[in-house]
Structures are given as structure tokens and as C-alpha cells.
Amino acid sequence: MLLEAHKVSKAFGSFFAVREADLSVDEGEIVGLIGPNGAGKSTFFNCLAGDTVPTEGKIVFAGHDMTDASPEAHARAGIGRTFQVPATFEDMTVLENVMVGAYLRHPHHNDARDLARQTIELTGLRTQTDLPARSLGTPGRKRLEIARVLATAPRLMLLDESLAGLTPTELKEAIGLVRKIHEKGVTIVIVEHVMEVIMTLARRVLAFNQGHVIASGKPEEVVRDEAVIDAYLGRGRHTHRRRST
Amino acid sequence: MKIPAVTPTTLLAAGLLIYPLIFSGPFYLDIGVTFLLAAISASAWNIVGGYAGQVSVGHAMFFGLGAYAPLLCYTLFQWAPIAGIPFGIVFSIALAVLIGIPTFRLTGHYFSMATIAVAELIRIYFGTWDLVGAAIGLQGPATARGWWDLTFRSELPYYYIFLAVLAVLLHLTFLIEHRRFGYYLRAIKAGERAARSLGVPVQQIKIKALILSAVFTSLAGSLYSVKTGFIDPESGFGILVSVQMVIIAALGGAGKLYGPFVGALILIPLQTATNTWFGGGGTGLTFILYGGIIVLIARYEPGGLFELWERIAPRGWRRKNAS
Chain Z
1 MLLEAHKVSK AFGSFFAVRE ADLSVDEGEI VGLIGPNGAG KSTFFNCLAG
51 DTVPTEGKIV FAGHDMTDAS PEAHARAGIG RTFQVPATFE DMTVLENVMV
101 GAYLRHPHHN DARDLARQTI ELTGLRTQTD LPARSLGTPG RKRLEIARVL
151 ATAPRLMLLD ESLAGLTPTE LKEAIGLVRK IHEKGVTIVI VEHVMEVIMT
201 LARRVLAFNQ GHVIASGKPE EVVRDEAVID AYLGRGRHTH RRRST
Chain L
246 MKIPAVTPTT LLAAGLLIYP LIFSGPFYLD IGVTFLLAAI SASAWNIVGG
296 YAGQVSVGHA MFFGLGAYAP LLCYTLFQWA PIAGIPFGIV FSIALAVLIG
346 IPTFRLTGHY FSMATIAVAE LIRIYFGTWD LVGAAIGLQG PATARGWWDL
396 TFRSELPYYY IFLAVLAVLL HLTFLIEHRR FGYYLRAIKA GERAARSLGV
446 PVQQIKIKAL ILSAVFTSLA GSLYSVKTGF IDPESGFGIL VSVQMVIIAA
496 LGGAGKLYGP FVGALILIPL QTATNTWFGG GGTGLTFILY GGIIVLIARY
546 EPGGLFELWE RIAPRGWRRK NAS
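In the order they appear, the protein sequences are chains Z and L.
Numbered per my numbering, the first sequence finishes at 245, counting up by one with no gaps.
Numbered per my numbering, the second sequence finishes at 568, counting up by one with no gaps.
Okay, chain L solo, but in the shape it has when bound (with noise of 0.2 Å):
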């Protein structure tokens, strides 16, 4: 058997794969499982928003849809919360060609603020609507049945279902990149005009990565439903979970590969931290956080910290790394 060359990839699988062994504490373990989580969410963003550049700022739509379907079909049929997914995920990909369509004939900021405005819409409206709990929202099962509902005590399953799901993600999206299909997407985000003039069906690839980016998304929020066993409006469909996504791509490096990674990486402890030493004022610094860190990525490195990190790394490192 031919031993797996050590990369910065193989190194990084390995220290997600122990990481749980080493912080074992539930502390660590939370961080851990929210990290993923983020991470999942912004690399399913990243898709549609990084490479193909359509800033969507309304990704909780297909978040919340994700996060409702699952509990809802625990509390009308009392199914496991996971037979629910698939629904999210349909009405995500309906959602996402609904919204696509029309949308994506507008361009720039007129896309992201039709995104916002959806995305309010469905939030306001969840909130009013009696069959998903309106304003109070909905539970999953308290205590397990069995092993399906995925109600565990301890956060570890979670995490190791979590990273499967990033990996799967991390690994398409690496393929996407060496494609017609994600050339396709990066020369829509350089030049739409340009693009279409050498026969890149710009609608079509454009829809394409919307379905795509919100089936993950969808998921994303199926995840954290299943393990919170708790939806909100807010928490669903609010404006911070669009956000988060948006910020920690950009934080990282849009339309990168390990961009949303490295970005989740740095603002998950860092909103950790905050909020642990300054407790309950939690949302509120969060937002602070979030300006200060648009702020910064914007005047400083509108490429992200992967960008940066290409442009400083040392020559040699560099050159293993593109081998």
C-alpha cells in the first residue's frame, strides 16, 4: 500500500480527527462541533457566493428551511428528526430556483438585497404561521427513542458526523474547482459579459450553484436543528446567520477552496471568547465583532486572509504546497 504523501491536507484531516481526543472537555467540544458547523454553512456559501461571485446575503433561507424540516416533521408525524432532511433539502433546491430565476438578472448589490429581502420575508412570516411554532418555535424529541433520532448526551457523535459532512463538502467543492463547471463559475464573477461572450451560459451555471450551494445549506441547518433540537425564527432565518456565512468567507478568502475554513477557524473562538468573558450581552458584541471585521477585511485585505497568507508564506513553502 503507498503511504499518503504528508500535505498540509493530510495534516489537517488528522488534527480534526483527534482533536476531540486531545479537548475532550465539553467546553472544547462545543467550539469544536460550532466550528464545523460554520464552517459548513460558509463553504456551502462559498459555492454561489465566493467562486461565482453573487453575493448572496440571504443564505438563512435555505438555512432555516434545513433547520425547520427535520423538527417539524418530528412534531406532525413524530418521525426521526433526520427523515426530515431530504424535505429541507427539496424545498431549499425549489426555493433556490424560485429566488434564482428572476434574481439573477439583476447584478451586484441588487442580487444581495433581493436575497436579504427574501430571506426577512420567510423569517416574518415563520414567525406569525402556527404550524411551525411561529414566534416560539420547535423542539425535537427530549430523550432518544433510539439510535435515529440523533439525540445524543455527549457532543461527540455530532462532531465526527459534522467533520464527514465538511469533508464531503471540502472534496466536491475541490473537484467544482477543476472543471468546466467551476471555471465557469469563476469567469461569471470575473466578467459576465466576457464570460457569455465565449459561450458560458451565465443564467444557467449561475442557478446551478445556487441549487447547489443551497442543498449544503439546507443541510447545515438540518445538522444544527438535529443537535440543538431547538428552531427559532431567529435562529433560523434571522439576518446574523446570513451574515456569518458572508463574514467568514470573506474572512478567509471567497471563492477558495480552504477560504470559509480558515475563516471559521479564526471567528468561532474569537465569538466563543467574546462571548464567555463578556456574557450576557452576547448578540450585541457579536455585531460589533462582525463591523469591525468587515471593516478590516474590506480596507485592508478585500481578498481574505488566504490571499494574504499566499502573498507573505515563504517562497518554498509555496512551491511544495503547489506541487
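So here's chain Z without its partners, still in its complex pose (with noise of 0.2 Å):
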């Protein structure tokens, strides 16, 4: 087991956005995290990554406990995250923006280049490599966020809807770019809108709504959960007039 979340809850004030989520993660496999909006998995997403500390609960990653751990603390533990609104430095370049991900292992100025070099060449950002991050799309920043990630060498990589907002065109090519990650051997976990992302990558899914976990198991079996369903389209749907999809 690779990452092991064990009763997870986190309350503000008297409101639990996420209430005794339990997820567990092997090695080599992509996970999805689904639900509508305001259902925790984005806060339950920041337990994981180490930017919210869980109220309550127990979080293992590769056999080290941490759960109180500081973000910085996770990403040498190997755990790499992107964020909803992508978080680029903007006004240095892309190759600046990987190399400080690429420091992280690798101390020394050249090696970080080197390192940065290639994996702006593996996401695809040659040719914008010298330009500052203020000058990328979003598109271009979602891509350079998942470089900078990817040049930590993290094991588990936490990807929150980067893959959002994208035309069907750069989907199809951010999809060929996660399972390229995904064949170097890197875990992912993924929450995602788009159930197209998440019925093509993840293996496994959960659904979350208003803080529990709902629905976990295969995409196929979970988008038909009767739980699921309710918690997209309401319960009351069945005595009102169908909805056309």
C-alpha cells in the first residue's frame, strides 16, 4: 500500500467538509475522486497533499506517518500536487518555474537544467520553455504545473482538475500526458469534473458528497450508483419529469 487515509475528517467550526473518508492507494494505480461541488474532495484532496492538517484521522504514505506533516515535507516524501487554480510563478520562465521543482533532488544548478530541460520535453513545453508563465494559457499553465510536479520525482502525484476547462483537443492530449506519467511508474490520484477524464484514466473512483465518501469501486459500477446519481441529479428526480441527458 502506497498512501493509506484511514478515517479522515476535517471540520471548520462545527461544518465537516470531509467526514471519516477512507482511501487507500497501491502502487502503480490511478485513482479517481469525484462528486459535485462543495462535496470535500478538494478538501479532503489538501488533507492528502499536507496543506490542511485533518481534524481527526491517520494519513500513511509508504509506511511514514503524515498526517501533521508540512507541505514541503510531503513533496520529499514523494508526494507531487497541482492545483484547481493553477498556482504558476509568474514572472519567471517555464524552465525557471520546472527548476525549482527539479531542485528538490537536485541541488546543483546544471543537474536542475538538465533535468528540467527534459521534462519540459516530455510534457510538451518546448517550445515555450524560455517564455515567462504569465505569457501561457491555461492550458499551457495546467501542463507546466504537472512539469514542475513531475521534476520533484514524486511517486504520488495529486492532480486537482488540471484537467478542467480544456478543449476537447488538449484533453485528449493532457489524457496521452497523464497515462505517459502513469507508465514511468508514478501513482496518481485525480479529482476530476470531467467524467470523461475519469472513466478513461482512473481504475478505481470515489464519490464523494456533503463530506462522506458515497460510492467507491470501479467508474462503470460507481456512475450508476444509485447514491451517486441522487447526489448529481437530486433526490427528488424520479417524481418530477426526467431530465433529458
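In short, the hints are calculated from the structure, not lab data.
Model, not experiment: these values are computed from the prediction.
Beta carbons: idealized from backbone N, C-alpha and C, even for Gly.
All clues stand as given, with none of them false.
Computed Cβ-Cβ distance ranges for the label pairs, DEER-style:
id, chain 1, residue 1, chain 2, residue 2, range
1, L, PRO271, Z, THR129, 51 to 57 Å
2, Z, ALA164, L, PHE419, 39 to 45 Å
3, L, LEU553, Z, ASN110, 30 to 36 Å
4, Z, ARG117, L, LEU417, 23 to 29 Å
5, Z, GLU220, L, ARG424, 47 to 53 Å
6, Z, VAL85, L, TRP522, 48 to 54 Å
7, Z, ARG105, L, ASP275, 47 to 53 Å
8, Z, ARG203, L, HIS423, 41 to 47 Å
9, L, PHE419, Z, ASP22, 51 to 57 Å
10, L, ILE484, Z, GLY124, 47 to 53 Å
11, L, HIS423, Z, GLU20, 45 to 51 Å
Relying on the hints, combine the two individually framed chains into one complex.
Next up, the structure:
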């Protein structure tokens, strides 16, 4: 088991954003987290990344207790993450952005630069290498975030809606990129709204609603789960006129 | 021997080296020395305030400690003032750590306000502390007892000492820029949360930057008091001292190697001019000048003049610069 979250809860005051969520991820898996807005998946995700300390529960990564560890300790341990709203370093070039990630395991300038260049090549950003990050569009930024994380040589990559808001062509390319990263032996946990992404990438899906994990299993099973359909479309839908799908 | 290529940097260095030979009058020398000192302190501030984006408005606390230490050593033990420089540095490092640990948990304006508060507290305390001369301040040796007192009648020796310190500081900054530390500083400025997620030990890097910055600011303070042979709470810890560093760096370009240099190149002659033309009303006018510059930079050129230059400079020149 690479990652194990056990009964993780996160409360803001008396409101539980996540309540007793369990997740276990094996090395080499791609696991999807789905759920409507405000279901708690982002909070749970931030607990996994070390950005938020859970109120209760335990998170173990590769045999180490990471529950209270800082985000930078997570990065050192091999957990990389992207942000829902891309948080690229705007005034730095694409190369410099990726180098910040590469420096984690390669303290020397030339090693870090070489690794960053390879990573940029892999993620298809080569023509933008020397452009400032702020000149990139949303797809480019999301790619850059992935490249930056990849340069830290993670064992587990947490993707927070990294593929949302892309055109169908860009989406196809992005899915290809995630596959490529997965083939390099990186385990992936992905939060996503776009069902197409989850269906094509994930072998296992957890559905969240109101802080609870309401279903888990193979993607095609989860999307047919009554509780999941209720969560997305509302419970009263049978009594009203059927919605067009 | 390989002849070094003519780059803007070598031209600049050459210009600074021969400046006192061309403008040898005491008035111009004084401007030169003041300019160098301002460039040193603003460049020191630039490490933490510019590169790491942690805008300290209380750097006078390091400047003041550095300024008091030499004259205090002279007053108490009759040592040569320069012997006090290491003490100023040691105290500044201690203060940097002491301040950095709690305040770097704060972000944005809160950090700036905390630094102002600490600097002001120290200024007020020094103003009532008899050991350091209270409100009157301290004085250095009136006449040199030997060369080691570094008390010269001419400004020329100070000019070259300050120039050497500035060169060392800029070279060090240049090295930082091209190493992991420098990349981490810029990443912290651009986004702390993202930087941490990539394994940047933000807290530790910020404190290191503050220490380095404090060391050179303290050294600038020492150079100031050794040269003038006088220090009081206002000229050491006054808010103007802090604000001047921020303004100079911001005017030229915070987080740019030559930003503070360019800022000092413009501000110091301007300040001298206003002081000379308008005489007595000096300090009041300086405040107005600072205020005006803050407004102009914030409104039109938040990146500073250096960035403006990069944007408007002819392409050919820029490319030559880059290579």
C-alpha cells in the first residue's frame, strides 16, 4: 500500500467538510475522486497533500505517518500536487518554474537545469521554454504545473482538476500526458469534474457527497450507483419530469 | 591574457572607478559616497525585500545596530571603530533570527507592519538608553589616532572602501540569482503555497535571506557611522532610513540585481539637489519627494525603472545584453 487514509475528517468550526473518509491507493494505480461542488473532495485532497491538517484520522504514505507533516515534507517524501487554479510562478520563465521543482532532488544548478529541460520536453512545453509563465494560457499553465511537479520526482501525483476547462483536443493531449506519466511508474490520484477523464483514466473511483464517501469501485459501476446519481441530480428527480441527458 | 569583453557591467565598474578622478571636488565626492552607501543598503534590502518579496519597512534596525556598534566600542573601550563592525553584524543576525521566526508566519502587509513596529521600538529605546548616549547619540574619534581609525579628512578613501563593499555585495547577489537559493527566493515571492508544494522549505529560506540581508545592512550602517563619526537614534533607526531602502529598490526595480543601484543613481542626486536648492527645509522636502515617488511607481511602473528599460530598450541592445 502506497497511500492509506484512515477515517480522515476535517471540520471548519462545527461544519464537517470531510467526515471519516477512507482511501487506500496501491503503487501504480490511478484513482479518481468525483463528486458535486462542495462535496469535500478538494478538502480531502488538501489533507492528502499536507496543505490542511485533518481534524481526525490518519494518513500514511509509504509507511510514514504524514498526517501532520508540512507540504514541503510531503514533497520530499514523494507526494506532488497541482492546484485547481494554476499557481505557476508568473514572473519566472517556464524553465525556471520547472527548475524550482527539479532543485528538490538536484541541488546543483546544471543538474537541475538538465532535468528541467527533459521534463519540459516530456510535457510538450519545449517551444515555450524561455517564455514567462504569465504568457501561457490556461492549458499551458496546467501543463507547466504538471511539469513542475514531475521534476520533483514524485511517487504519487495528486492532480486537482488539472484537466478541467480544456478543449476536446487539449483534453486528449492532456490525457495522453497523464498516461505517459503513469507509465513512468507514478501513482496518480485525480480529482475531476470531467467524467470523460475519470472514465478513461481511473481504474477505481471514490464518489464524495456532503463530506462522505458515498460510493467506491470501478468507474462504470460508480456512475450507475443510485447514491451517486442522487448526489449529482437530486433525489426528487423520479417524481418530476425526466431530465434530458 | 584574455581581454574582458566590453559589457555594461565593466563600463559601469570603470565609470565608478574613475568618477572621483574626474569629479574630485568635495561636493561631488560626497554625492558619490552617499550614493554608494545608499546602493549598498538598498541592495542588501533587495535580497529579502526584492527577491523574496518580504517587504521589510524596518531595515533601519539592522542599519542602526551596525551604526552604533563601532562608535560604542570606541566610546566604551577606545577601540578602533572598525573593530565594532563584527559586533554589529552578530547582533543583527541575532535580531534577524528573533524577528524572522515569529513574523515570517505572517504574510503580506502584516510582515511589513511588524518590522516597522520593531524598528520604532528600538529607536525609542535607544533614545532613552544612557549607555548608547540616549537622544544625543555617540561620537567617534575626532582626529585619527592611526590609519586603523579610518578617520580621513578626504572622502576619497571612503569612496573606494564603499565601492569595494558594493562590488562584493552585487557579486554575491549575482551568485545567489544563479543558484537554488535564488530560485527558491523568487518562487516564494511568486507564490508561497505553490513553492511549499514543490518542497521549498519556505520558513528556513526566508530566515536565511533575512540574515544575509541583515548582515549587509548592518555593514552599511557601520560604514556610515565610521565615516561620519556620529550616530543618533534618528539617523540610525529612523523610519526614513528604512523607507529610503525600500524606495530606492522599488524605484530601480526590486528583485533585480541592478535595481537598487539604478534607484540610488537617480534618487541620491535628486535628494542632494532638493536639499541644496531649498536649503533648511531639507527633511520635510525629502518626505514629499519620497511620497511622490511612491505614488508614481505604484501607479505607473510597479516593476521599477529597470523593467521599464527592459521593455522600451531597443531589441538589438537587449539581445547583446542577454548573451
